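There are 4 protein chains.
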Amino acid sequence: MLKFSLLGVGRIGKMHAQNIAINPNCELEYVYDVNNPAAEKIAKEIDCKIAKSPEEAISSSNVDVVYIATATPTHIDYILQAANAGKAIFCEKPIDLDIKKVEACKKELEKYNVPVHIGFNRRFDPSHKSAKEAKDSGEIGKLEKIIITSRDPSPPGIDYLKDSGGMYRDMTIHDFDLMHYILGNDPIEKVFATGSILFDEDCKEINDMDTAMIVMRSRSGVLCHINNSRRAVYGYDQRVEIFGSKGMVISDNQTPSSLQKFTNKITKAQEPIHYFFIERYKEAYKIQLQVFIDNILNNKPTAVNFDDGRNALIVANGALESYQSGKFIKINY
Amino acid sequence: MLKFSLLGVGRIGKMHAQNIAINPNCELEYVYDVNNPAAEKIAKEIDCKIAKSPEEAISSSNVDVVYIATATPTHIDYILQAANAGKAIFCEKPIDLDIKKVEACKKELEKYNVPVHIGFNRRFDPSHKSAKEAKDSGEIGKLEKIIITSRDPSPPGIDYLKDSGGMYRDMTIHDFDLMHYILGNDPIEKVFATGSILFDEDCKEINDMDTAMIVMRSRSGVLCHINNSRRAVYGYDQRVEIFGSKGMVISDNQTPSSLQKFTNKITKAQEPIHYFFIERYKEAYKIQLQVFIDNILNNKPTAVNFDDGRNALIVANGALESYQSGKFIKINY
Amino acid sequence: MLKFSLLGVGRIGKMHAQNIAINPNCELEYVYDVNNPAAEKIAKEIDCKIAKSPEEAISSSNVDVVYIATATPTHIDYILQAANAGKAIFCEKPIDLDIKKVEACKKELEKYNVPVHIGFNRRFDPSHKSAKEAKDSGEIGKLEKIIITSRDPSPPGIDYLKDSGGMYRDMTIHDFDLMHYILGNDPIEKVFATGSILFDEDCKEINDMDTAMIVMRSRSGVLCHINNSRRAVYGYDQRVEIFGSKGMVISDNQTPSSLQKFTNKITKAQEPIHYFFIERYKEAYKIQLQVFIDNILNNKPTAVNFDDGRNALIVANGALESYQSGKFIKINY
Amino acid sequence: MLKFSLLGVGRIGKMHAQNIAINPNCELEYVYDVNNPAAEKIAKEIDCKIAKSPEEAISSSNVDVVYIATATPTHIDYILQAANAGKAIFCEKPIDLDIKKVEACKKELEKYNVPVHIGFNRRFDPSHKSAKEAKDSGEIGKLEKIIITSRDPSPPGIDYLKDSGGMYRDMTIHDFDLMHYILGNDPIEKVFATGSILFDEDCKEINDMDTAMIVMRSRSGVLCHINNSRRAVYGYDQRVEIFGSKGMVISDNQTPSSLQKFTNKITKAQEPIHYFFIERYKEAYKIQLQVFIDNILNNKPTAVNFDDGRNALIVANGALESYQSGKFIKINY
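These protein sequences, in sequence, are chains A, B, C and D.
So in this note's numbering the end of the first sequence lands on 333, straight run, no missing numbers.
So in this note's numbering the end of the second sequence lands on 333, straight run, no missing numbers.
So in this note's numbering the end of the third sequence lands on 333, straight run, no missing numbers.
So in this note's numbering the end of the fourth sequence lands on 333, straight run, no missing numbers.
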């Protein structure tokens, strides 16, 4: 039975709290949030303690795991505090927006022998995972192409965007990680990225983009495409296509129900797909937690490690450089 | 090169004329229709002769095949004339609405050694045929159930209905034949049928039904279901499901294009399915003609013979008896 | 916060125990099972008390709800004990296999004013429910047909079958209830049923059937079809098709993931559908529990009441009578 | 009634010959092919004359249309001969591999007032066309992204490849044209292209690629992606996705039949999609011919004109430059 301190109970932190609460292999000991009423609300629902400070939550001798779901700029600080306290660490993506800080953190972490898991939840989605496994098993032959479509239902607003690090480091970073996951030990060699501001005034104001397309080539020559949008009226569009010499697998979108409608205008019409990540990746988040716990309890390496977080950021930075230069940028991990 | 006389150029006859015209193995020599202007129009389009009488069309020494697409009450007369003239015969379904006349015709036909094909076009639909072949090949194991959904897009109107012989003999007869086709040499042993008048005033007026459901059991115990409607707003609904010990095959509906639409209300919405039989079974009609020609030219038995037409009518009559008596009726072929 | 006593922790009872445990609006106070080790195991997992007898579980003053998931023959006894103790009652289907006992129980229950919910879980499936709602909203116009396909993945074995009451009262009873649910206040007027023994030696031994087809007509003329099998190699086949004057809705099957495979043999191939009811109706069982709790807490009528259980049994009995007589049987509720 | 001379009766020319033969608005007067037996075979089947030289076919006073389906290097010569003879021209894609020759031809053509149609058949596919129309009608709002997947079933072999002009000018050129078609009057501003040799030894030998990915941005900021392969084991993969502010349309792949298979391994498995362009774009080729004829007979501009052919080549050249330089290349039409 692992005991958790959870830092941050915003939208995603709240979901983590509930998943921890219903998982029979762990217990939520502390919650902490700068917004104290939010922490109080969760503490009441889950019946756990409220830490007066992050330090209290992190260093309590009663706690095995520090679960970091706070704002990105705080991540590294909490990671290092937790490492110093000898706790296992689960940290939401991204580690940080600044690769230098990430490198420094990496170096610092080498002093400690603590497990670190970075929260790239999509790897744990049963459909994406089955697609990856079909590729690994040789079922589709030699890998040739990966295509990821990843569109949010609606733009997040200026408050979120201004500190987000921009499309590639905030949103596409999930897709870069998924590419790494599928590619396995065949790293991305080059990245080309472009983008447009087509609809979102907030993006325009901060000189970000709302629509993006990326092409990558792996060391072995596998071609990879990602396309992103900050808005898709039909829901949270999450598709992965893996193409090889003997076939193809597609992890398709999912609708809340399996209803189909037929009228004089349409046939086989399904509902809009799941609205957003909380709904779409509900199972993935639960499975991720279980895998994390299993690995900690069995002294096995975490499923998504610090380097995975670092590598995704490096490719995101490469994409940004490509966007600015118009060139096919070499990735140096 | 077979030479055809075509009797009847109504909706279905016109389509047959065009199929004959583009088939490289046959030629349309004569057309005949009680509605002479219709015959003239086709004759001009196809560049063929107009027979002044059915007799001329049937007995012309230049003609190999008599293709009967006239009103049902004329079928038997033309079949026997054609048989007497030694012609190969293609006759649209149903042979006749009166089983006694059909039996008499059958007996009479025994005097002649002419090939007769009854136009149950659905057997030649590539999807239905693949489903049947999957069953025959053992791919789905031992046959257990067959379910046919068969719905017209809109009711035909009182003029058609009053001489149609009623739902079972006019519309369901196609489905009875398809059941026979799929069952192969396992005949239908019992039939139960019911129906309702739910929307069509014309049906009500002539005491017919617009909606029907039928259940049958074959000699070996296979259970069969047919459901019919005279109206489906989304198009001509034609589905066949064959279920066995090792799996299932479904011959699904078909849309004119493969377009899918996604909005904030719907996803993966396709178009309405094909409007009616001319569009839906376009390929089936062409293939049927080719198979008919191949069989004639190679002295092989026709693919759908007189007994197939007779047997479908016998089951239709059983259905009607069941509808009237509320009993599970034994079929005596 | 409602306190529950759960009687019976077999396969379905165990699932109920877990759902009760994670529902924030209720608590599992007691479990009871004739198989004491099973009860102990659950009690340990959930951290609740073990009742030494059903009486203890039912009459404890600390308990608000008696949840009956024991063998069918015990249902009525426990219902009446619980009613006598003034408890709210949740009882798994069927109430009993003997309509006379059900009628007696109904009469007896009139003395008490306790809420009774019969566990027809399928009504709470989001897809089936959306289909029903589309019908109720008038979206598909006037109702004309309902078609339910309901096939188990594999036969249950002789031990289960011999006390099951036969296909119609054990398995089809779910589908009869679903028909009632969709039809609303348009009762079934007549039922025709047939069946076959096609593969299951156990069914043969006890003179039951493994494959069934049923046709019903409602008072307003709506035609209804159910087809059942005790085995479907591709999983637990659960489809509902509702057809009306303005369109159709289909509640289709569901696969564990949204993966599609493409090879040189197949395209768009999905996985087998959910294996059985625990997986397929996972959400439905949780929602059913929540709806039950909400109704109890708000003094509202239960969503599936005693009469719903009784009516489904009456139609099942009609089906059996039809199977034996080969006649279209009138239903007298 | 337009009279045609057809130059070239290879695979695609033969199909054109058949389409011309069955179209009621035109007649095949002459065929010509350097491979005389091939011409003789077609002439016999279709019952038309064999020209002894291209000149005879082109200049015959009896002929209205010159239909060019010969090897690419001959196109421009025949176009100009036909223009000089005052004939309407249908020319298969590409016009030529050398943009300088194309520009010279364009200039020369200005002297003549003859209609020229370039054979980009995909524009006439009913599904692709419906997708384009949904975009034009505003149904999906403001256009934001276009994604084209275009994969051949198997590589064409070294003989074809060595004169093909390479992936972009031979294969992707169809997709570039489709992009222009969908974009309408919003030209492509920049193109990035990459590629790999992953499986085809022939491609390797001639320094071409077998797998490609392209990203483009239009003047208005629309992002476009194309991905190509010379091999897809499941058939000729042809998908178009158009994404906008109010929704998305997808023109999906098509299978020969609508059969679905269900076993203990797979569900809803369809057949491999159409094998190649002759099958997949069968309707498109017929419609293209009809549209061409209608435009000629009604003195309307051709649906795909010389500039469409030229513009697709210009983008293909830009793609090649990008592939070689690793840069985002500006398109100068």
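In short, the hints are calculated from the structure, not lab data.
Only a predicted model underlies this, so the values are computations on that prediction, with no experimental measurement involved.
Hints may be right or wrong, so weigh each one.
Pairs count within a copy or across copies, as identical chains cannot be separated in the list.
Heads up, simulated PhoX-like pairs for lysine-lysine below, C-alpha to C-alpha not over 20 Å straight-line [to be verified]:
1) 246 x 101
2) 106 x 41
3) 300 x 111
4) 286 x 300
5) 327 x 190
6) 265 x 142
7) 300 x 44
8) 106 x 49
9) 111 x 41
10) 41 x 162
11) 265 x 330
Hint-by-hint comparison with the structure:
1. 246 x 101: Close neither inside one copy (43 Å) nor across copies (40 Å); limit 20 Å.
2. 106 x 41: neither (35 Å within a copy, 45 Å between copies)
3. 300 x 111: So residue 300 and residue 111 pass the 20 Å test inside one copy only (19 Å; across, 62 Å).
4. 286 x 300: Within. Shortest intra-copy distance 19 Å satisfies the 20 Å Cα cut-off; inter-copy 34 Å does not.
5. 327 x 190: So residue 327 and residue 190 pass the 20 Å test inside a copy (10 Å) and across (12 Å) alike.
6. 265 x 142: Between copies only: 18 Å across chains, 42 Å inside a chain, cut-off 20 Å.
7. 300 x 44: neither (33 Å within a copy, 29 Å between copies)
8. 106 x 49: Classified as neither; 31 Å inside a copy, 50 Å across copies.
9. 111 x 41: neither (37 Å within a copy, 44 Å between copies)
10. 41 x 162: Neither way: residue 41 and residue 162 sit 28 Å apart in one copy and 53 Å across, limit 20 Å.
11. 265 x 330: This pair counts as neither: shortest intra-copy Cα distance 50 Å, inter-copy 39 Å.
Hint compliance for this structure: hints 1, 2, 7, 8, 9, 10 and 11 are broken, all remaining hints hold.
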